[in-house]
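Visitor: This is what each chain is made of:
Number of protein chains: 2
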Amino acid sequence: MLMELMEAIKKRRSIREYLDKPIPKKVLEKIVDAGRFAPTARALQPWEFVVITEPTMLRELASLTDHGRFISEAKACIAVYCQDTKYYLEDGCAATQNILLTATSLGIGSCWVAGDKKPYCAQVSKLLNVPDSFKLVSLISLGYPKSKKDFKVIKKRDLKEIIHWERF
Amino acid sequence: MLMELMEAIKKRRSIREYLDKPIPKKVLEKIVDAGRFAPTARALQPWEFVVITEPTMLRELASLTDHGRFISEAKACIAVYCQDTKYYLEDGCAATQNILLTATSLGIGSCWVAGDKKPYCAQVSKLLNVPDSFKLVSLISLGYPKSKKDFKVIKKRDLKEIIHWERF
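Chains A and B, in that order, give the protein sequences. Under numbering that gives the first Met the number 0, the first residue of the first sequence carries the number 0, and numbering increases by one thereafter. Under numbering that gives the first Met the number 0, the first residue of the second sequence carries the number 0, and numbering increases by one thereafter.
These are calculated hints, taken from the structure and not from any lab test. Watch out, some of these pointers could steer you wrong.
[Claimed, not checked] Think about it this way: if two alpha-carbon atoms lie no more than 25 Å apart in a straight line, the pair counts; the simulated DMTMM-like pairs of lysine to aspartate or glutamate are:
1) B:117 <-> A:165
2) A:9 <-> B:28
3) B:9 <-> A:28
4) A:10 <-> A:59
5) B:29 <-> A:28
6) B:116 <-> A:115
7) A:29 <-> B:6
8) B:29 <-> A:165
9) A:148 <-> A:59
10) B:9 <-> B:149
11) A:24 <-> A:53
12) B:116 <-> A:83
13) B:151 <-> A:28
14) A:74 <-> A:6
15) A:85 <-> B:157
16) A:125 <-> B:165
17) B:147 <-> B:16
18) B:116 <-> B:59
19) B:10 <-> A:115
20) B:117 <-> A:157
21) B:117 <-> A:53
22) A:25 <-> B:160
23) A:147 <-> A:6
24) B:24 <-> B:59
25) A:74 <-> A:115
26) B:24 <-> A:59
27) B:25 <-> A:6
28) A:25 <-> A:53
29) A:29 <-> B:65
30) B:9 <-> B:160
31) B:117 <-> B:16
32) A:10 <-> A:157
33) B:117 <-> B:160
34) B:29 <-> B:149
35) A:155 <-> A:16
[Said to hold, decoys possible] Beyond 12 Å from chain A on every Cβ pair, some chain B residues (computed):
36) 11
37) 19
38) 119
39) 146
It should be emphasised that the depicted structure is a prediction, and the values quoted were computed from it without experimental measurement. Beta carbons are placed, not taken as given, at the ideal position from N, Cα and C, and that holds for glycine.
Using the sequences and the accompanying hints, generate a full structural model.
Guide: The following block contains the structure:
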């Protein structure tokens, strides 16, 4: 399935309720593939993507978070990690956004759960067997949305409110 | 012009040499518009976008940076700012990535110049009249690419190298 860029950008929104329908491995690979085409400072590409699909692992992962309890109901979760470079957070966030947009274009709901700055980073890394030297950037829950309304475009701050010409 | 999401994701790359051809205001608005549809923690939408097109301003801006000297030759530059929220960098980076992809889909070259963590943030804010309370996330230079080769897909680390199933 192909989706036009602006449609994917506008339809992407946080979706936390999922159907009990597995996501094929090939689809998950396609979603992760989008991550590696993100921009990266100094061409370092510091990212690594851990894809979790085992229900017990998803439940354990969910239980470690505060605002990510719904990960237990997700069909997959991608943990985005980066080596601790100066711009690891920028690189990891750009990769995360590519992943969210690609999931949207494939009809898959997603939600960005914070990793960086969260007290549960060390526990998540331990669970996923990730060396301490890597930084957790985000946890991306994935699943086919329960409601078809879920891809409705959200109202955001108006363009004229956020755009400034030449000076603030 | 419409472009499929994955094509935009793959074609996006840092482009630093531009034609002497202005970018219509409507096109710049469309590019900034993509930014406001980014995901945002706690729905705060902390972003503000300053669009610089005046050649003297672009030259002054370029001269303040280290790795952004080519901004002086750009036809526009978008300074992405956020209020100092806990996840301002995540939100601002997701917006930046939406902007880079949308520019690509419109045939416009772009380059992400770092803002956050750079010693020149205060000087850039002073130049653009942005209050000290806002954080500079990125400077995005824009222009029609000088070379048609510029949208060639870059080789990145292989998918099988960066994807990990269940555990690292």
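Visitor: Taking only the CA atoms, is the gap from residue 116 (chain B) to residue 83 (chain A) under or equal to 25 Å?
Guide: 14 Å, holds
Visitor: Does the structure keep residue 117 (chain B) and residue 157 (chain A) at a Cα separation of 25 Å or less?
Guide: 29 Å, violated
Visitor: Is residue 155 (chain A) close enough to residue 16 (chain A), meaning Cα to Cα at most 25 Å?
Guide: 22 Å, holds
Visitor: Does the structure keep residue 10 (chain A) and residue 157 (chain A) at a Cα separation of 25 Å or less?
Guide: Holds. Residue 10 (chain A) to residue 157 (chain A) sits at ~16 Å (cutoff 25 Å).
Visitor: Is the Cα-Cα distance between residue 9 (chain B) and residue 149 (chain B) 25 Å or less?
Guide: 12 Å, holds
Visitor: Against the 25 Å threshold, does the CA-CA distance of residue 25 (chain B) and residue 6 (chain A) hold or violate the hint?
Guide: 18 Å, holds
Visitor: Hinted pair, alpha-carbon criterion (25 Å max): residue 117 (chain B), residue 165 (chain A). Please report holds or violated.
Guide: Holds, because 21 Å separates the two Cα atoms, which is no more than 25 Å.
Visitor: Compare the distance between the alpha carbons of residue 29 (chain A) and residue 65 (chain B) with 25 Å, and conclude whether the hinted pair is satisfied.
Guide: Roughly 36 Å separates the two Cα atoms, so the pair is violated.
Visitor: What's the verdict on residue 29 (chain B) and residue 149 (chain B), does the C-alpha distance respect the 25 Å limit or exceed it?
Guide: 22 Å, holds
Visitor: Classify the label on residue 19 (chain B) as holds or violated, using whether its beta-carbon is more than 12 Å from each beta-carbon of chain A.
Guide: At roughly 20 Å from the nearest Cβ of chain A, residue 19 (chain B) sits farther out than 12 Å, so the non-interface label holds.
Visitor: What's the verdict on residue 117 (chain B) and residue 160 (chain B), does the C-alpha distance respect the 25 Å limit or exceed it?
Guide: Not satisfied, since the Cα-Cα distance of roughly 31 Å exceeds 25 Å.
Visitor: Are the Cα positions of residue 29 (chain B) and residue 165 (chain A) separated by 25 Å at most?
Guide: Answer holds: residue 29 (chain B) to residue 165 (chain A) is near 17 Å, not above 25 Å.
Of the numbered hints listed earlier, those contradicted by the structure are 4, 5, 9, 19, 20, 21, 26, 29, 33 and 36.
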